[in-house]
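Using the supplied hints, reconstruct the complex from the two chains, each of which is provided in its own coordinate frame.
Respectively, the protein sequence lines represent chains A and B. Taking numbering that gives the first Met the number 0, the leading residue of the first sequence gets 0, the next gets one more, and so forth. Taking numbering that gives the first Met the number 0, the leading residue of the second sequence gets 0, the next gets one more, and so forth.
Do not take every clue at face value.
What the hints assert, rightly or not - Capping the alpha-carbon separation at 27 Å, the derived lysine-lysine pairs in BS3-like fashion look like this:
id : chain 1 : residue 1 : chain 2 : residue 2
1  : B       : Lys352    : A       : Lys204
2  : A       : Lys215    : B       : Lys345
3  : A       : Lys198    : B       : Lys342
4  : A       : Lys156    : B       : Lys223
5  : A       : Lys198    : B       : Lys356
As the list claims (entries may be wrong) - Facing chain B, from chain A, some residues (calculated, C-beta under 8 Å):
id : residue
6  : Asp164
7  : Asn165
8  : Pro184
Just so you know, these hints were derived from the structure itself, not from any lab. Idealized CB from N, CA, C, for every residue including glycine.
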Amino acid sequence: MSIAYFPGCTLSTNAKGYDHSGREVARALDIPLTELPNWQCCGATFPLATDNSMAFIAPTRILAQAQKVDGHVTTLCAICFHVLRRTQYFLDHRPEMLERINWFTEEPYEGKMRVSHFLEILRDQITWKGVRERVTNPLKGLKVAPYYGCLLLRPQKEIGLDDSDNPRILHDCLNALGCEAVDFPYQDECCGSYLLVSKPELPQKLAESILLSARKHGAQAIVTACPLCQFNLDYPQRLGGGGHMAQGGLPVLYFTQLMAVALGLEPASWGMESHYIDPRPLFANPKG
Amino acid sequence: MVDRALVIGAGIAGIQASLDIANSGYEVVLVEKEPSIGGHMAQLSETFPTLDCSQCILTPRTVEVGHHENIQLYTYSEVESIDRDEPSGDFLVRIRRRAAYVNWDLCTGCGECQEKCPYKAESWFERGIGRRKVVYTLSPQAVPNKPVIDAEHCVYLQSKWELSAGRVPAAIGAKGNPAKPKCGACAKFCPTGAIDFDQQDTIIEERVGAVIVATGYDLFPMAKLPEYGGGRIPDVIDGLAFERLLAASGPTSGKVVRPSDGKVPREVVFIQCCGSRDPEHGMPYCSKICCMYTAKQAILYKHRVHDGQAYVFYIDVRAGGKGYEEFLNRAQVEDGVVYLRGKVSKLFREDGKIIVKGVDTLSSRMVEIEADLVVLATAVIPRIGNSRLAEVIGLTLDEQGCFNADNEEFNPMASNVPGVFLAGAALGSKDIPETVAQASGAAAKVLSLFQGRKLKDKVEAYE
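Here chain B stands alone, though its shape is the one from the complex (with noise of 0.2 Å):
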């Protein structure tokens, strides 16, 4: 049996996993499927309750995972299968490596296509707030520093494969040439020739003798909250979105701004349990982390506009954990944030403001308030291909779509194959010192394994 581990998801979870098992001594072999790793945390602003740098904490690690000696990293990737090998007991791995379009190998990282390229697409990692070039990465901090094309949008690859399937591209205008594939902005200006239009997607083959899934979180969809505008409304936004605003490497490089005008908001309001804790919209559950994040990105929109004022509906606020409680009260004194407790019933557009109409239980009136921008605490969700994942590997999954572990209270990093473990917020919603606890535990576990071997067969070989 091997001694080296995969780790499916390259968040703060699989990259905690990572550096303690590499650290170690073992070989990991780690897996993201976005371009570049960090996950949500690279999204983020500030961490609670402490208001670090969330890039400038997660930046070290992010960059000793891109260079470490164990680590063997593939980005833009994701597992097809997993086979259990007999009699070793091995996972034979299959991993499918997207086409970037570019070839990584001759890349530096220099960033000229980026800047040549005359295409803006929607991210998904800016959350709607600003729109990134076709060929991107994910930030300035990117590991790997190494684009990908976003083939959806390129208008080179588009009609290329328009032309060789015998259709005229809907690209080329009237002036372009009917046979040539438009734009190539980024191969013209390439220093090192290294985009390449013909890449294709290939399969990598690993062997490895543990597995650690730490595939994260999903945001409940805007669109099936029609309460709240449906995700219509440009000034409503999510709680990752406003992450955006906030952060300085983001598309307003910190500035709150609205999306719909670019001015400041004036008056925002926080909704908390946005999805969460109702039954209604299948999501019974409590995601744990939203009154935390309110919390600071309502202190976080007092530092940056100083005359503004914030409102936050909750329905009750958990405050569990080290300074948690301290970091709320902090809010609410320093920062002069205003707690509501009661739910909103509903908003609407009205006069470029948003009329949010909801009710403070504790003085028995219905409130309204004419706000500027409205930020959803959206449920937390688990991943959408979780469900592909278990039955790829063998897992089960609760009824709400997370993980099961083997047993939640004594043996909450295992799965119930054994052999696979489990971190972060793929079992269920955690904030970001318990899923580096729980990661760290999960590396604990696949280290005890590859080491009980190891004295097994030093014992075996003694007697």
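For reference, chain A alone in the conformation it holds in the complex (with noise of 0.2 Å):
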């Protein structure tokens, strides 16, 4: 049986790595990932006007799409995630709705698709104790603080990934690969989104906090299941050196680019070209 794997725009783009590195981990695990046929933009955020039929139009489509795959959609990207579960949510919950958004698209969606963040296939598919089990090359040592961010976990009842408050899965991730998770109090703070574009300076002085927090815990790495929240936590950083923020700049990965790491994976399934700061040098003495 296999899963609709959705990429979406960001990580055909900006966020390639994550891309690369999340099939090469699906293949090593035997995860049958089939990329959704002729996809289009999620729509990027969750229409907060839900009178707005227009703006659900986009994610109703890549449902109604994945419906033919099995009936079951996976993300990596949380910001799609989150736009494609709260969008199923509201569609489940509002059938008058979901009649209106059908007349529009060609393809209506029945409303009985599973949405799922990859994080959930290796938590209740795969296991944590199977991805254990499949690691030959284990993190020993490896510090590294697991950063949330809010579109993973909120809202709670819409998402109900995890305890939002209070999440565990990409501890229990990091901990599977024998890295230690390094519990930081930002690991749920906002990272600016794309503020990022209208004012730069304000994700400039919240990465701040998260990078200095995560550090002074002992972090030597955070990782992230979000290419916005990477690429506003590892962007600031690229004037690299001294300065204000974490000495000698603290590498931001995404959490199956550790996995294909630990799993033993050629440096090629990586997909850590093209960071401001390079983790590479993290892994470059394997132990063992």
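Right, here's the structure in full:
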């Protein structure tokens, strides 16, 4: 039974490393992903004006497309996941809106899709024990701060991926890979999101407090499941060196990239070519 | 029909109602589930807006209840069932008196057992601020001044029960005699032999003609506020815990210190509406007492720690009541309490401080305070036991779990069951003056019921 994979725009452009490492990890763990044919942008923000049916057309069309692939669609991008999961929840609870949207779209959505984040497939189908068994290069001694951000977890009632106030899913993933998950109070703070475009100084400030807090708690790297979080934390460190940012830079990786390393995949599968702070030195001297 | 009343709950509402009825010459059966009476008011340090010592104004009333010839007091007891006896219309009440493991007829209240008991346990009454002995009374002014043994934490009782179940008690170390229960210090030192480890629960039956339900309130548990630490940060406490810190008879003798390290807090943040007015937490209502008690606590903190700074985060301040608004102004003007209009989004512990992240909506700025202590004004919620009691009596509850009045506007003390009346926070959050007024109202309802019957009998006799 295959799972429809929706890469989304960012993973096809700025976050190719996430997409690439994610596909490689899925292959290594025998997760049968089939890229959703003929997909388009999910809309990138969940429409909060709930009477605006136009804004729901893009994500609904993705759900309708995915119906054809065994009723289960998964994403890596936390933003796409957020939009699709909330759209699915919304349409399940507002049948009259579903009917209205279905007038527009050529293929009606029947409202029975399962939308998951790739992390959920790992947790629920492969299980962390299963992941641990496949690890050939345990990242022993590596201290990593799991950074959840907002969109992966909230709002709790609609997303329900994990306890939004005390999330464990990335912690468990990191532990399965053999590294040490570092708790830090900024793990679910906002990275500033799209304000990067209109008020770039704001995400910079937020990134600073997140990075400094992670470093203070002993992290050697940060993992995230969101391309925007990754960018907002990585990009402000581009000038590198000393300065007020974390000294020497704190690499910000996708969890799939760390998995690729731990699963013993070739460096070509890691997708770490385009980071501002290169994470590869972390793995330069593999132990054992 | 008998002219006796049952009052359930001996907080300030139940005490006031009982005294009013008893002083009018009728008998009262007063049932309290805790070992001593006084309810939440016995936990408080001072009351608003007069800053009276709570214990001092309460004690004359508790003592009067304890000695009143018309009041039959059952503490450490709960109402098991209430049945209507037809055709008399009386209520037949079954009361379960929990085993105290102390024979109160023999006990003189000397306190020797509490002195000698070597074990301590967490206490509901002290709200985690201090631990009490396993054999205890709630306070030095307890009425009745008779201790109970907390069976769950009593090493003797636990090991005794383990032995009788044929197991080796965990509490008995390598040195102890495995065939004998351990400890028993209280029994050894009790001068009157009042400790009775074989005591059982007893069932008492009473016949009454009217009932007043005055079961009071609870506070919303901090564990359900994960954004405020979920109860896992020792220096984030709730309003009642701060009362215990302030109380002269409390675990710290009124010294305001941090639970984590015993240091005097220099910056204290008070957060109002923790759960209240928050539909997300299922409590869309205002808890009504928090604005005032927070102001009081901030004032009292300043009186204890002169160079300290108190901050209050609020949504808006509700100070309707005689002298209330003036009291609030006093907090701000005389005691320099900083009021910040906005909510706190999260707080966390870092380097021994509590980092409080909030917003001041009046200056449109994010605020970050490095606090030593945070006090949460958690929502006032109905007692968890309300639903059982409602079932027993046939009362109805609102969607929050508070008892419904027969008519909120014109008959707020009567319940949906004839002869059963309501008083105090069991109907919804109330401060002390309002509670006392309502309790007297409920007592008047009971008295007019009794008097009305007498009058009717007289008229019938005349005719």
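Right, here's what the structure says about each hint:
no. : hint                 : in the structure
1   : B:Lys352 to A:Lys204 : holds, 22 Å
2   : A:Lys215 to B:Lys345 : holds, 19 Å
3   : A:Lys198 to B:Lys342 : holds, 24 Å
4   : A:Lys156 to B:Lys223 : holds, 15 Å
5   : A:Lys198 to B:Lys356 : holds, 21 Å
6   : Asp164               : holds, 3 Å
7   : Asn165               : holds, 6 Å
8   : Pro184               : holds, 4 Å
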